[in-house]
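J.: Each chain is listed here by its residues.
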Amino acid sequence: MELSLYERMRNKLIKTKDNFKEKIENVMYLGNFDDDFFEELEETLILTDLGAESAMKITEQLRKKIIETHAKTKEEVMGFLKDILTDMVSVEGKPQTTPMIMMVVGVNGVGKTTTIAKLASRYKKEGKKVMVAAGDTFRAAATEQLEEWSKRVGVEIIKSTKGADPSSVVFDAIGAAKARKTDILICDTAGRLHNKVNLMKELEKISRIVNREGDGFNIHNLMVLDATTGQNALNQAKVFHDCVEISGIVLTKLDGTSKGGIAISIIDEMQIPIEYVGIGEKQEDLIEFDPKKFVDLLFE
Amino acid sequence: MIFEGLNEKFQNIFSQLKRKGKLNEKDIQAASREIKLALLEADVNFKVVKQFTKKISERAVGQEVLNSLTPGQQFIKIVNDELTSLLGGEIERMDFINGRPNVFMMVGLQGAGKTTTAGKVANLLRKEKKFKPLLVACDVYRPAAIKQLEILGEELNIDVYSEHDVKDPVGIAKRGLKKSEEGHYDLVIFDTAGRLQIDEALMEELVNIKKAILPTEILLTVDAMTGQESVNVANEFNRLLEITGVILTKLDGDTRGGAALSITYTTGKSIKYIGTGEKLTDIELFYPDRMASRILGMGDVLSFIDKAQSMMDEETSKKLEEKIRNQEFDLNDFLDQIKQIESMGSMNSLLEMIPGANKKALKNVDLSGADTKRTEAIILSMTKEERHKPGMINAGRRKRIAFGSGTKVADVNRLLKGFEQSKKMMKQMSNPNLAKKGRMKLPFM
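Protein chains in written order, with our numbering: chain A, -7 to 292; chain B, 17 to 461.
Isolated chain A (complex conformation) (with noise of 0.2 angstroms):
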């Protein structure tokens, strides 16, 4: 099972990996490590969406590693950088202990309620009782979208009408996990800009509810996060953890052409993990986020 999740993870991040490690190669061709190469690399990594800091930074950690070392080949730099950015993506996460809430929260059109089915099929595969909540009660057929996913996917929902006060749909979904002896609620919310105060106010007033009525749960807060993103990522990562305390990242549409650079400088500054990875849109599109094994596949 984890060795075919490996390979889908590997088939599906070909496009990924083989325009980074190509750009990477060209760079390294002609072995000689100098401020053209740095040059080079640094661009490399800026078209990933790492960001110029990021990049700066780590061109220069390499830098002073191949000093240090006296490194000559191709394959020991290529070593350097792997370390370097397998450092930098290590971070641990928070055990996912059962009964669970997960609130799954983000800016608009990154893909949050696809990833709740998705999140929602795995969990049930892994025999959990899984309830879904429908929290997005802004949005024109949120909650159809939501609703239709849980008759694939076979989870139960609770909902209620457009225009609802979100808070009151997840507190009658907690009610109704308690009830139900349910091992994980996953909870939609609304799409919003992390620069809308009002919005925000909202989300920290469901989050208080989660944490009042979760008395007993193990509480984890998922940001998911659209891998086109650029630079906005981080200040987006930033409010809404100051809002909500997010302890996981979903990195939707990887399976694009970008590279989800930006997800490396917000884990490497926030400490936060990527807990997934989505791929597609089916329902198995999920992969676990395993930190060596991304960059080594980004390498491979």
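Misleading hints may appear alongside valid ones.
Under the rule of at most 25 angstroms between Cα atoms (straight-line distance), these lysine-lysine pairs were calculated in the DSS-like manner [as the list claims (entries may be wrong)]:
1. B:Lys295 with A:Lys154
2. B:Lys66 with A:Lys49
3. A:Lys154 with B:Lys163
4. A:Lys49 with B:Lys52
5. B:Lys227 with B:Lys183
6. B:Lys163 with B:Lys194
7. A:Lys193 with B:Lys295
8. A:Lys193 with B:Lys389
9. A:Lys230 with B:Lys355
10. B:Lys335 with A:Lys193
11. A:Lys143 with B:Lys183
12. B:Lys339 with B:Lys439
13. B:Lys295 with A:Lys197
14. A:Lys197 with B:Lys335
Reference excerpt, derived from the structure (chain A facing chain B, CB under 8 angstroms, subset only) [claimed, not checked]:
15. Ile38
16. Asp41
17. Val99
18. Val102
19. Gly103
20. Ala133
21. Glu136
22. Glu140
23. Trp141
24. Thr221
25. Gly222
26. Gln223
27. Thr249
28. Ile254
Some chain A residues flagged as far from chain B (calculated, every beta-carbon gap over 10 angstroms) [stated by the list, open to error]:
29. Asn24
30. Asp27
31. Lys49
32. Lys66
33. Asp75
34. Thr90
35. Arg114
36. Lys117
37. Lys121
38. Ala156
39. Ser159
40. Asp207
Calculated from the structure, these hints are not laboratory results.
Everything numeric in this text was worked out from a predicted model, so none of it was measured.
We put the CB at the ideal spot given by N, CA and C, even for glycine.
Got chain A sorted already, so can you dock chain B onto it with the hints?
T.: Chain B in isolation, oriented as in the chain A frame:
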């Protein structure tokens, strides 16, 4: 936040240039490097950044800058001009056809905001051009996407053509077009499913829809927060479909929106509209010069107003308005207002969004958090009665308040004077002839 990032950086660069009488090549080089980094941080594609900074340097090193009296200003102008022309120069408007329906096709990645934008565009053009719009739901993949468009149509009172349980978007498109002809609609907007530009099968499907409906506009919808990928996405959609324009969504966020630059630069297609909020009326024309100014820190009144507005919810402002009308606005409300403004971020950062508000002058205006604290202390040192009727605060009372709040009598005087002024100002603003739509904006603006 945008105003602490790119603008700050540019302003740092330019304030350095301003201080010097003349520019040398070295200055320009340093400034170019800063500009390069700032643009990268703004998610402008690396290749675009490289070419942009090269152009800037070439132009700046020449006489233009060196011989001008204020090199800093000249440099700002060059950067601004270049940015504006990269963003599309003059505003390019869509051509509309009378007689046969204007056929729009919305395309883009998943989650860019195509469905919502389709509704927004239909609503806007119905209002502006008096069109009779029809929305056609061709997204057969995402669960409830059709339902979403139907609900939007219902909310906007715009007709929607949809077929449930049909998995053939090309067929739906054809029948939708036919319906538009029969119903004499003069604007038809086709919403398509989000897809990755590398998904060959789904891109082929778009090409087929295009062939079937012969759209007058193919609008690529792009999330303003998109990173380096924006170039690849735009290029590929443009290569296969020959898009006619771009709609940039979610610009109400605090992203610096470098994608705008990358896309227009690489495709040569202009941005027609921008999405600026969750409401169905939140769509605006794109102004290249405004975007450039926003990037360059020359202020953006719109952002300022938006920010101020979003901070104050309808209900509070109504209550406030009533108080002002009835002249019941007292120091308690004044304190509330100050606190509300404070929660928007520092007053100075807000003021910097106003064009022409120059940084030096702002330094003398103390609107920092410390001042708010002092004001708060002074007001809290007053009795309830005093707060309600500031007129009763005589010299003796002023002394007591100053003592109680650890300030000087002069501070108390200044506060009371400021309060009276705002009250006067508010009275004018609450005049129904002056206040737009009867809704208060910000009493201290």
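J.: Would you mind marking each hint as holding or not holding in the structure?
T.: Cross-check of the supplied hints:
1. B:Lys295 with A:Lys154: holds, 15 angstroms
2. B:Lys66 with A:Lys49: holds, 20 angstroms
3. A:Lys154 with B:Lys163: holds, 13 angstroms
4. A:Lys49 with B:Lys52: holds, 17 angstroms
5. B:Lys227 with B:Lys183: holds, 18 angstroms
6. B:Lys163 with B:Lys194: holds, 21 angstroms
7. A:Lys193 with B:Lys295: Given that 25 angstroms is the threshold and the Cα spacing comes to 18 angstroms, the pair holds.
8. A:Lys193 with B:Lys389: Roughly 23 angstroms between the alpha carbons, so the hint for Lys193 (chain A) and Lys389 (chain B) holds.
9. A:Lys230 with B:Lys355: Answer holds: Lys230 (chain A) to Lys355 (chain B) is near 23 angstroms, not above 25 angstroms.
10. B:Lys335 with A:Lys193: Holds. Lys335 (chain B) to Lys193 (chain A) sits at ~21 angstroms (cutoff 25 angstroms).
11. A:Lys143 with B:Lys183: Distance ~19 angstroms between Lys143 (chain A) and Lys183 (chain B) Cα, so the pair holds.
12. B:Lys339 with B:Lys439: holds, 11 angstroms
13. B:Lys295 with A:Lys197: holds, 22 angstroms
14. A:Lys197 with B:Lys335: holds, 23 angstroms
15. Ile38: Holds - the Cβ of Ile38 (chain A) comes within 8 angstroms of chain B, reaching about 5 angstroms at its closest.
16. Asp41: Holds, about 4 angstroms.
17. Val99: This hint holds: Val99 (chain A) lies near chain B, its Cβ roughly 7 angstroms from the closest one there, short of 8 angstroms.
18. Val102: Interface hint status for Val102 (chain A): holds (6 angstroms vs cutoff 8 angstroms).
19. Gly103: Holds - the Cβ of Gly103 (chain A) comes within 8 angstroms of chain B, reaching about 6 angstroms at its closest.
20. Ala133: This hint holds: Ala133 (chain A) lies near chain B, its Cβ roughly 4 angstroms from the closest one there, short of 8 angstroms.
21. Glu136: holds, 4 angstroms
22. Glu140: Holds. Min distance 4 angstroms.
23. Trp141: holds, 6 angstroms
24. Thr221: This interface hint holds because 5 angstroms falls under the 8 angstroms limit.
25. Gly222: holds, 3 angstroms
26. Gln223: The hint holds - Gln223 (chain A) has a Cβ within 8 angstroms of chain B, the shortest such distance being about 5 angstroms.
27. Thr249: holds, 6 angstroms
28. Ile254: holds, 7 angstroms
29. Asn24: Consistent with the label, Asn24 (chain A) stays out of reach of chain B, its closest Cβ about 23 angstroms off (over 10 angstroms).
30. Asp27: Check passes; 15 angstroms lies beyond 10 angstroms.
31. Lys49: With a cut-off of 10 angstroms, Lys49 (chain A) remains clear of chain B, as the shortest Cβ separation is near 13 angstroms.
32. Lys66: holds, 23 angstroms
33. Asp75: holds, 24 angstroms
34. Thr90: Check passes; 27 angstroms lies beyond 10 angstroms.
35. Arg114: holds, 18 angstroms
36. Lys117: At roughly 20 angstroms from the nearest Cβ of chain B, Lys117 (chain A) sits farther out than 10 angstroms, so the non-interface label holds.
37. Lys121: holds, 23 angstroms
38. Ala156: Consistent with the label, Ala156 (chain A) stays out of reach of chain B, its closest Cβ about 15 angstroms off (over 10 angstroms).
39. Ser159: holds, 17 angstroms
40. Asp207: Fine: 31 angstroms to the nearest Cβ keeps Asp207 (chain A) off the interface.
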